[in-house]
Amino acid sequence: MPAIKSLEELKRLKEEALKKREAMRTSGRVQITVAMGTTGIAAGARETMKAILEVIEQENLSDVIVRQTGNIGLDSWEPIVEVVVGDEPKVTYGKVSAERAKRIMKEHVMGGKVVSEYVIPS
Amino acid sequence: MRELALHILDIAENSVAAGARKVLIAVEEDLPKDRLRIVVEDDGRGMEEELLSRVTDPFVTSRTTRKVGLGIPLLKAAAEACNGSLCLTSTVGKGTRLEVEFQHSHIDRMPLGDLAGTILTLVVGHPTVNWVFVYRVGKAEFTFDDNPIKQELDGIPLTEPSILAFIKEMLREGIAQAQQDGRARE
Numbered sequence: 001m002p003a004i005k006s007l008e009e010l011k012r013l014k015e016e017a018l019k020k021r022e023a024m025r026t027s028g029r030v031q032i033t034v035a036m037g038t039t040g041i042a043a044g045a046r047e048t049m050k051a052i053l054e055v056i057e058q059e060n061l062s063d064v065i066v067r068q069t070g071n072i073g074l075d076s077w078e079p080i081v082e083v084v085v086g087d088e089p090k091v092t093y094g095k096v097s098a099e100r101a102k103r104i105m106k107e108h109v110m111g112g113k114v115v116s117e118y119v120i121p122s
Numbered sequence: 123m124r125e126l127a128l129h130i131l132d133i134a135e136n137s138v139a140a141g142a143r144k145v146l147i148a149v150e151e152d153l154p155k156d157r158l159r160i161v162v163e164d165d166g167r168g169m170e171e172e173l174l175s176r177v178t179d180p181f182v183t184s185r186t187t188r189k190v191g192l193g194i195p196l197l198k199a200a201a202e203a204c205n206g207s208l209c210l211t212s213t214v215g216k217g218t219r220l221e222v223e224f225q226h227s228h229i230d231r232m233p234l235g236d237l238a239g240t241i242l243t244l245v246v247g248h249p250t251v252n253w254v255f256v257y258r259v260g261k262a263e264f265t266f267d268d269n270p271i272k273q274e275l276d277g278i279p280l281t282e283p284s285i286l287a288f289i290k291e292m293l294r295e296g297i298a299q300a301q302q303d304g305r306a307r308e
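Listed in order, the protein sequences are those of chains G and D. 1 is the number of the first residue of the first sequence in my numbering; add one for each residue after it. 123 is the number of the first residue of the second sequence in my numbering; add one for each residue after it.
Next up, chain G with everything else stripped away, as it sits in the complex (with noise of 0.2 Å):
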């Protein structure tokens, strides 16, 4: 059984993350939110979230910032999930099954170009 993980350790991942920081200062940022009401959640929004986070832990994505927030009154579009890079314009997707998630998280958050098919259309 592996022990539980401890302060020390992460004061270590601290300082890592510290210097990353440093060298990556000028690159910019990423803001991701899933919207994670009642019927978000019931449709899977959790699941969204874990992909997000997966996708984040895998490729080794410093500046990008995940939050949550309610409903946003779109029911039948969730789950959504709303992207900002950098100063460009906040763009919405629907329907965003873990799959989809991950698509958009190499297409649009590493790759930069917006995944037009997911985009709820105004």
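Just so you know, these hints were derived from the structure itself, not from any lab. A quick note: this is a predicted structure, and the numbers were derived from the prediction, not measured. Treat each hint with caution, since some may be false.
Said to hold, decoys possible - Facing chain D, from chain G, some residues (calculated, C-beta under 7 Å):
hint	residue
1	5
2	17
3	36
4	56
5	67
6	109
What the hints assert, rightly or not - To give an idea of the interface, some chain D residues facing chain G are shown, with a C-beta separation under 8 Å as derived from the structure:
hint	residue
7	135
8	269
9	275
10	286
A virtual CB, placed ideally from N, CA and C, is assigned to each residue, including glycine.
Once you have looked at the hints, place chain D on chain G.
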């Protein structure tokens, strides 16, 4: 919703919406008494008596975007179908406490589901809230408080890949350990 962990996520979102700074989530598997208890307690703005009495009604919501809130009524119905109950208490300006209980072994009881996923989602998604998670199985206990972690990180985002992996593992290990120890001592 097919797992209790998703209901916990839903209830906890209410706490955040109520402006809570600190939220305690306690899950207790009392195996000798065959009960499963979940408590979500916050220091948010609380509810007036009148709203509180209506909030388990499916046609009440404090949200302005839509008129029907189903989170608490669904959980209440699920508990009552399993020899359990849901109790909601609230004081304006102090906070709200929700306690829900099930017969642990009841055939219709939803599985706990992915508790680690729920807590991770809350901790990362609402970093300004202090999340405390207590999980008891029999006499075994796992407590997770994100405050020491955030203090140590000193502004580094929780979405930093290595930190994310750290918190995820911490939750998974703690939950698995409590389950193993709690059941072994039966």
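Here's how the hints hold up against the structure:
no. : hint : in the structure
1   : 5    : holds (4 Å)
2   : 17   : holds (5 Å)
3   : 36   : holds (6 Å)
4   : 56   : holds (6 Å)
5   : 67   : holds (6 Å)
6   : 109  : violated (12 Å)
7   : 135  : holds (6 Å)
8   : 269  : violated (12 Å)
9   : 275  : holds (6 Å)
10  : 286  : holds (5 Å)
Violated hints for the displayed structure, listed by number in ascending order: 6, 8.
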